Amino acid sequence: MGDSEAVTAAAKSEEEEHRKTSSFNFLNCTRFVILFVTLLALIFAFGNSLIYNFTIICMSRKAPVLDKNGTQYFIIVQMFSQKEEGLLYSAIAIGSFVGSLSVVYLARFFGARIVFTVYGGISGVATLLSPICANWGFVPLFIMRILQGIGAGMTFTSIGFVTGAWSPLASSGLFLSWLTTYIQLAPLFTMPLSGLFCALTLIAFTLFYFVYRDTPRFHRNVSNTELAKIENAKNGISMDKKSKPLKVPYFKILTDKVIIGILFTCFGNFLGFQVFMQFAPVYLNQVLKLDIEKTGVMSALPYLGCLILKFIVGPLSDSLTCISQLTSVKLYTALSQFTMAICLFVMATVPPHLTTISQIAYTIAIIGGSLNSVGFYKATQLYSGPFTSVIMSWFSLLNSAVVLFLPFLKTSIAAENRPEQWSKMFYIISAIVVCTTLFSIFTTEIEPRKWAIIKPNITVKEIDETET
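Residue numbering for the sequence shown follows UniProt numbering, starting at 1 and increasing by one per position.
The set of hints was computed from the structure by calculation and includes no laboratory data.
Values in this document were obtained by computation on a predicted structure and should not be read as measured data.
Warning: the hint list may mix true and false statements.
Subject to a maximum C-alpha distance of 35 Å in a straight line, what follows is the list of computed DSBU-like cross-link-like pairs (lysine-lysine) [unchecked claim]:
{"hint": "1", "residue 1": "Lys83", "residue 2": "Lys257"}
{"hint": "2", "residue 1": "Lys229", "residue 2": "Lys247"}
{"hint": "3", "residue 1": "Lys410", "residue 2": "Lys424"}
{"hint": "4", "residue 1": "Lys247", "residue 2": "Lys424"}
{"hint": "5", "residue 1": "Lys252", "residue 2": "Lys234"}
{"hint": "6", "residue 1": "Lys424", "residue 2": "Lys234"}
{"hint": "7", "residue 1": "Lys450", "residue 2": "Lys83"}
{"hint": "8", "residue 1": "Lys257", "residue 2": "Lys410"}
{"hint": "9", "residue 1": "Lys229", "residue 2": "Lys424"}
{"hint": "10", "residue 1": "Lys424", "residue 2": "Lys83"}
{"hint": "11", "residue 1": "Lys450", "residue 2": "Lys229"}
{"hint": "12", "residue 1": "Lys234", "residue 2": "Lys247"}
{"hint": "13", "residue 1": "Lys83", "residue 2": "Lys252"}
{"hint": "14", "residue 1": "Lys247", "residue 2": "Lys289"}
{"hint": "15", "residue 1": "Lys257", "residue 2": "Lys20"}
{"hint": "16", "residue 1": "Lys289", "residue 2": "Lys20"}
{"hint": "17", "residue 1": "Lys247", "residue 2": "Lys257"}
{"hint": "18", "residue 1": "Lys257", "residue 2": "Lys289"}
{"hint": "19", "residue 1": "Lys252", "residue 2": "Lys424"}
{"hint": "20", "residue 1": "Lys424", "residue 2": "Lys450"}
{"hint": "21", "residue 1": "Lys450", "residue 2": "Lys289"}
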């Protein structure tokens, strides 16, 4: 053991002796309680941004019309124009962009617990006010949609914070894969619970505030046994509530080849995923000519498969000992990305009348894409240490940028939804996914980067004035 490690171990041992702990410790599994509460909060934060997708078909108004005799009567029309509807969809991406930019900075100064709770509260209140604002007009509803997006924008960052603080390195794959299931679970909750979503969001984030702590070291229900398990093999950081937040070495991070590679991979991944997320119903209905009922089933089926796979692959990746950790994350990244690229290529090549092949490729592409939670996401957590949340916030920014950019790409290439136009778009996205993945595989590492190694005498801020 080196001098710095000895100092760190001694500091931790002394702190453990003075920790105030409760006799009730959830059988040394408090970290899983935190995982569940965080997942619940993520589901509602993300679900608030989806409610509009389910309610838009019901948003209508009466418009006066004169017949040829000059008699006035009323017809039912959509509440907003197509342009306004498009802007309402884009508002989520705008809000997510704002949320991603601000959440890391605020969380490092005020604590993740407080900031995430506030963002979740904003999202819930925006959902509560949305029906009223819709009656007032486009602009008020547009503002509420941006606020919902701000809540959704903190989801990636919160996963980085929670995994970095609460997951033992040996089970980081489980934490990452299970926390990212909010993407699949939110739509399942949104439809049946849409009328209660605003209240449930506020309840979920209130629960999060009272249960969560920014570090397990300051949680009364975390025993010293569980704390040792969580902190084992992590960068030694002495915890002090009065200390200043760590300074983020932005230049060193952004010029690191590993980070550049992972951001390239993220861009390719989000581009491939979002083309299915945003335009799957259009492709299935207008290109493959599936009826509306089958379109809904086919759109939902892959996400159920993702949910099942994530619950399996997380623990599996942590327990896989026949290959190295580096090989594991590269393998899962390659499987995730190349599966998506191959399926996009198949969908671009197969004639539209062979709908079964296209449906299978569509399903496999989305399910295979879920492996990224134990691929480059896990690698990020391993090499970025206390700055995982910063990198994850950049993932969120990239995702928001793709959401804003993709409709323009679709309009410029496949505006008329002809099969040959969709083929061209699939070819382009498939090529981008392959190129970005290859670059990442050659640059991926898992050992903590130099800028992520914290000296033992540097402390991390924990704003937690009260123990509840």
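These are the hints, each one checked on the structure:
1. For the proposed pair Lys83 and Lys257, the alpha carbon gap of about 41 Å is over 35 Å, so the pair is violated.
2. Restraint check for Lys229 and Lys247: the C-alpha separation of about 27 Å stays at or below 35 Å, so the hint holds.
3. At most 35 Å may separate the alpha-carbon atoms for a hinted pair to count; Lys410 and Lys424 meet this at roughly 10 Å.
4. Our distance criterion of 35 Å between C-alpha atoms is broken by Lys247 and Lys424, whose separation comes to about 45 Å.
5. Proximity of Lys252 to Lys234 is assessed by CA-CA distance (about 21 Å); at most 35 Å being required, the pair is judged to hold.
6. Restraint check for Lys424 and Lys234: the C-alpha separation of about 46 Å exceeds 35 Å, so the hint is violated.
7. Distance hint between Lys450 and Lys83 is unfulfilled; the C-alpha atoms sit about 48 Å from each other, more than 35 Å.
8. The hinted pair formed by Lys257 and Lys410 meets the criterion: a straight-line CA distance of about 31 Å does not exceed 35 Å.
9. Simply put, Lys229 and Lys424 have alpha-carbon atoms about 51 Å apart, too far for the 35 Å limit, and the pair is violated.
10. Proposed proximity of Lys424 and Lys83 is supported: the alpha carbons are some 25 Å apart, at most 35 Å.
11. Proximity of Lys450 to Lys229 is assessed by CA-CA distance (about 24 Å); at most 35 Å being required, the pair is judged to hold.
12. Taking the CA atoms of Lys234 and Lys247, the gap is near 19 Å; set against the 35 Å cutoff, the hint holds.
13. As the CA atoms of Lys83 and Lys252 are separated by approximately 42 Å, the hinted pair breaks the 35 Å bound.
14. Annotation: proposed proximity of Lys247 to Lys289 is violated, straight-line Cα distance about 54 Å (limit 35 Å).
15. Proximity of Lys257 to Lys20 is assessed by CA-CA distance (about 43 Å); at most 35 Å being required, the pair is judged violated.
16. Between Lys289 and Lys20, the direct Cα distance comes to roughly 63 Å. Violation of the 35 Å bound is thereby established for this hinted pair.
17. Our distance criterion of 35 Å between C-alpha atoms is met by Lys247 and Lys257, whose separation comes to about 21 Å.
18. For the proposed pair Lys257 and Lys289, the alpha carbon gap of about 45 Å is over 35 Å, so the pair is violated.
19. The suggested pairing of Lys252 with Lys424 is violated, with an alpha-carbon distance near 38 Å, which exceeds 35 Å.
20. Distance hint between Lys424 and Lys450 is unfulfilled; the C-alpha atoms sit about 43 Å from each other, more than 35 Å.
21. About 54 Å separates the Cα atoms of Lys450 and Lys289, which puts this hinted pair outside 35 Å; it is violated.
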